[in-house]
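Asker: The residues making up each chain are set out below.
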Amino acid sequence: MTSTLSDFTFTTDSDGVATLTWDAPGKSMNVFTDLTMGELGHAIDRIVADPSIKGCIIVSGKADSFSGGADIRMLAGLVDRSKENEKTLGADEANRIFFEESRKLSQLFRKLETCGKPFVAAINGICLGGAFELALACHYRVVSDNAKTRLGLPEIKIGIFPGAGGTQRVARLAHTADALIFMMKGEALKPNAALKLNLVHAVAPKEELVARAKEWILSVGNAIQPWDAEGFKLPSGPVYSKAGMMVWSPASALLRKDTNDNYPAAKALLQSVYEGLQLPMDAALRVESRYFAHILKGQVAHAMIRTLFVSMQALNKGARRPPNEPATTIKRIGVIGAGFMGSGIATVAALAGIEVVLIDRDQSSADRGKANANKVMTNNVAKGRATESEREAFLARITPTEDFGLLKNVDLVVEAVFEDPSVKAETIQKAEAAMPSSVVFASNTSTLPISELAHHFSRPVDFIGIHFFSPVDRMQLVEIIVGKQTGSKALAMAFDFVRKIGKTPIVVNDARGFFANRCVLNYLLEGHLMLQEGVPPAMIENAARMAGMPVGPLALSDEIAIDLIYKILKATKAALGPHAVNQVQESILNSMVENHHRLGRKSGGGFYDYPKDAPKRLWTGLTEFQSKQLDPETISVSDLKHRLLVTQALEAARSIEEGIVTDPREADVGAILGFGFAPYTGGPISMIDGIGPNRFVALCEALANQYGDRFLPNALLKKMAAAGEQFYS
Amino acid sequence: MSEAYIYDHARTPRGRGKPDGALHEVTALALAAAPLRALKQRNHLDPALVDDVVLGCVDPVGEAGGNIGRAAALVAGFGIGVPGLQINRFCASGLDAVNFAAAQIIAGQQQMALAGGAESMSRIGLGASGGAWASDPSIAIPAYFMPQGNSADLIATKYGFSRAAVDAYAVESQKRAAKAWSNGYFKSSIEPVKDINGLTILAHDEHMRPETSLESLGGLKPSFAVMADHGGFGAVALQAHPEIEAIHHVHHAGNSSGIVDGAAAVLLGSKAAGQSAGLKPRARIKAFANIGSDPALMLTGPVDVTKKLLKNAGMTIKDIDLFEVNEAFAAVVLRFIQAFDVDPALVNPNGGAIAMGHPLGATGAMILGTALDELERTNKSTALITLCIGAGMGTATIIERV
Chain A
1 MTSTLSDFTF TTDSDGVATL TWDAPGKSMN VFTDLTMGEL GHAIDRIVAD
51 PSIKGCIIVS GKADSFSGGA DIRMLAGLVD RSKENEKTLG ADEANRIFFE
101 ESRKLSQLFR KLETCGKPFV AAINGICLGG AFELALACHY RVVSDNAKTR
151 LGLPEIKIGI FPGAGGTQRV ARLAHTADAL IFMMKGEALK PNAALKLNLV
201 HAVAPKEELV ARAKEWILSV GNAIQPWDAE GFKLPSGPVY SKAGMMVWSP
251 ASALLRKDTN DNYPAAKALL QSVYEGLQLP MDAALRVESR YFAHILKGQV
301 AHAMIRTLFV SMQALNKGAR RPPNEPATTI KRIGVIGAGF MGSGIATVAA
351 LAGIEVVLID RDQSSADRGK ANANKVMTNN VAKGRATESE REAFLARITP
401 TEDFGLLKNV DLVVEAVFED PSVKAETIQK AEAAMPSSVV FASNTSTLPI
451 SELAHHFSRP VDFIGIHFFS PVDRMQLVEI IVGKQTGSKA LAMAFDFVRK
501 IGKTPIVVND ARGFFANRCV LNYLLEGHLM LQEGVPPAMI ENAARMAGMP
551 VGPLALSDEI AIDLIYKILK ATKAALGPHA VNQVQESILN SMVENHHRLG
601 RKSGGGFYDY PKDAPKRLWT GLTEFQSKQL DPETISVSDL KHRLLVTQAL
651 EAARSIEEGI VTDPREADVG AILGFGFAPY TGGPISMIDG IGPNRFVALC
701 EALANQYGDR FLPNALLKKM AAAGEQFYS
Chain B
1001 MSEAYIYDHA RTPRGRGKPD GALHEVTALA LAAAPLRALK QRNHLDPALV
1051 DDVVLGCVDP VGEAGGNIGR AAALVAGFGI GVPGLQINRF CASGLDAVNF
1101 AAAQIIAGQQ QMALAGGAES MSRIGLGASG GAWASDPSIA IPAYFMPQGN
1151 SADLIATKYG FSRAAVDAYA VESQKRAAKA WSNGYFKSSI EPVKDINGLT
1201 ILAHDEHMRP ETSLESLGGL KPSFAVMADH GGFGAVALQA HPEIEAIHHV
1251 HHAGNSSGIV DGAAAVLLGS KAAGQSAGLK PRARIKAFAN IGSDPALMLT
1301 GPVDVTKKLL KNAGMTIKDI DLFEVNEAFA AVVLRFIQAF DVDPALVNPN
1351 GGAIAMGHPL GATGAMILGT ALDELERTNK STALITLCIG AGMGTATIIE
1401 RV
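Protein chains in written order, with our numbering: chain A, 1 to 729; chain B, 1001 to 1402.
Note that these hints are calculated values from the structure, not bench results.
Keep in mind it's a predicted model, so treat the numbers as computed, not measured.
To give an idea of the chain A side of the interface with chain B (calculated C-beta under 7 Å), a few residues:
| hint | residue |
| --- | --- |
| 1 | Tyr240 |
| 2 | Ser249 |
| 3 | Pro250 |
| 4 | Ala253 |
| 5 | Leu254 |
| 6 | Arg256 |
| 7 | Lys257 |
| 8 | Pro536 |
| 9 | Ala538 |
| 10 | Asn542 |
| 11 | Met546 |
| 12 | Pro632 |
| 13 | Val637 |
Quick list of the computed label-pair ranges, beta carbon to beta carbon:
| hint | chain 1 | residue 1 | chain 2 | residue 2 | range |
| --- | --- | --- | --- | --- | --- |
| 14 | A | Val310 | B | Lys1221 | 50 to 56 Å |
| 15 | A | Glu594 | B | Leu1346 | 52 to 58 Å |
| 16 | A | Pro235 | B | Gly1077 | 48 to 54 Å |
| 17 | A | Pro632 | B | Glu1215 | 31 to 37 Å |
| 18 | B | Ile1080 | A | Asn198 | 53 to 59 Å |
| 19 | B | Ala1165 | A | Asn705 | 39 to 45 Å |
| 20 | A | Pro632 | B | Ile1080 | 54 to 60 Å |
| 21 | A | Asn705 | B | Pro1344 | 42 to 48 Å |
List time: in silico SDA-like cross-link candidates among lysine to any residue, alpha-carbon distance up to 25 Å:
| hint | chain 1 | residue 1 | chain 2 | residue 2 |
| --- | --- | --- | --- | --- |
| 22 | A | Lys242 | B | Glu1063 |
| 23 | A | Lys233 | B | Gly1127 |
| 24 | A | Lys612 | B | Ala1225 |
In this text, a Cβ means the ideal position worked out from N, Cα and C, and glycines have one as well.
Next comes chain A alone, as it looks inside the complex:
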């Protein structure tokens, strides 16, 4: 018997085993939509009603994947609908409807696992989020040993948490600590790791999945989940037991350590497991649903879903690529400068299958660049992320040379030579002489204006900036810098290259510091000023991390190198005059560099000391820069946190006003990927919207009043506040 639904194909065989093949038409990946849920519900009814059916196998019709999970836009849509309902039906009724709607998937899965007939998930390829929650509700899970098979619950990464029974089933299958780590990290597991955690029952070759599933239905076919069976015992024992105490009290501490208590979803996840493990399954799922509805409606989930899912996906797909430029093919590129950045660019290009001509001023420098690329790849092999033959193929794609002549048949040239205008000029001219006359030239400069560098190129229309972040192989963001004369062909080329190497591009117009570095410099400045005011250095660093930044401003200064920050400050002063720089900061940097020769981590000391066999410690000499030493009990930690974030958000708003960034999505994604701006805010612009431009302007004015004019809101913000506007519609 065969019957066709839309998302599923339903078949039954002569042994009475039904198969639901999930193959959403017109999509490369299955996702849970309203339609999918409805069809799955009907299919369960049919299987229950048909006495000839013994059980059911759920498989994917897609070649390489099971499913990516629930349609995130559908979840976000529930929130929008609830806001509408609130207007027409009132808050209580809207609330009730939202609760029911947001737990539909959870109840569907509960219906499946209690329907009385055995269900098996036969999984090949990636199976994430709601799809893995479906699998967990099945009575048996067999997964393929395919290299692409991954099982995970990544919800936490976008500010929500598994809300379709995931928290309850994972914590009833795996030991509590393992379950919590798995869900809190949101990292997908390989099949054997999932087997080890007891999250799946069997791993088998892809071709045998369905046969193994059928065999289980016919030979065992137990349709009662362990947690619904008499005498079920939790894998780690009761929450309130000696063993439970050993897990649960560190769990809250580790959550605070990892999240600084900035992520409501992480807390709700923990709370759901804590409460759920003390309840029978139906009540446990209801509790999970209550927290899920609460989180889904919150500002953090709203902002994180928008920036880290919707916007990021759009930017990765080239939302900002000039639509009329034909697609390009990039087979071979030239990278000039085989230093730290150049070899990094060569590495990511070669990893993406692009051939690279890696040029430096002499052969041995070029060879060193290739050796560095090899290091990254060797590390990948050691960690099981790549095979030895992949490493060999990778190395074969990189040709180190001193000969510019090899640029004759490349599709793109990227330079990453020393940040000196005359070195850049010479490189550009030498490259142009050797490269094809239609090929785009990109500069990886982080400090020099693209429009000025373009003067050295006879076709400025084909000259563009592609600004990578360090370390190139790990940093996901790329700023594409558009000079005054840069044309759409160069822009499209840059997009296609960035997309091909799997990074996320944002388009930035040419201005000092571009976008990311402007915000970062403000962050560093604020830290240096706090130091001068007399805030204990540790308090600056801790407050920054508590605000959600990955690294405190003093530690970041050391990483970037204090002499480099000083150099940028001096360049700004030279270009824009003494009022363009902060004199307090200038004197601190000057003293660090000139008097103490403390240049940062690279010189073995900066704001921190770096003892050989102990963790870094703040340098005790920092008191030299403090006008006085404030009593920490009199310092508002909340003010410190605000200052460190607001100064960056304000700079992002100025960047938009000045037309340096033109799309709030790019500012938000760029800030989170580029310099780790507090992800729970959804980025600096989302932070302003979340607070409300009105209140944000008031906050800026209060900070300006107390800490200085650098916090004065710009005209755009004041205009938006007055008009009640937001950056996102």
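Assemble chain B onto chain A, guided by the hints.
Answerer: Only chain B this time, still in chain A's reference frame:
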């Protein structure tokens, strides 16, 4: 309003709180009943005069559960007419029991009561009663839950007490306790624990190590570093007090209170009740107070509650002749001395829980008794007794000889 007077008090010796401790064979109930029985016998008390028995117990589960106050009163021979109550304010329970009984008397609703506490840590186990505070994220996260040792190290770091300073304090506690024992300062309050045949099971505090020196303590490893690093509690401490770069781990078994078994009771009553019983009052309860304090520091409540109590009582720190500050950890007492700038000689002059142990629910009543004995011995008038408390609280009581 009536006055509440202290007529007598008694305590058991403190047994090492492990299976090889002398009091391990004694049930929690027998332990709790021992000082009650002693007070009844040595004061020839008529149970008909007694309105209540209030006992503090921090882990009231198993044999210590289900209201050990009532069971202990019956076992101690007070008869069916004397009710019992068990209260829990963690480490101050024994003192809170005294305050609770005193409040009833002051309010005129009761005339005479016995109050104290009992803890058989060797039999029940520290933390055996569980509780949401440590495990439920909805309180553990906002309250910055940490094990007490981590809080003690946080206090030492925040207020600048070095390893040498906390160790020196511990050595002094041992010396003072040894001297007090050898001079018989505790003689009138100690009631040896005896078996059914009248044979003595334990007559002295078993936890003391009078030979302790700075050198011997120097060899001990900090006890709470592992939990701080691997349990995440170090990060919790820094988020609660972000001016600190790193926690200095200075506490260990030698400068923290000992885990012991023990029980204590105080006989309280109005003037009239004392007269009916033919007893002479030794002191009056002048004032008492409770307070909540920073839960991350957790153990600085004695400072906060003392400020509150002195203000309520219209007194200053100079009005106090003697202090008993429970030695939960050395840093707790050092912080108290630092905050009020009091003479260290006046604080715990006969040693404390570092030397003799801290039977959680009983300690408050024990150190109140120690303070009264010392006032009498030195012919001074006023003592303040205070304890730090889990979850960030403080309890304090001022007594005055009459």
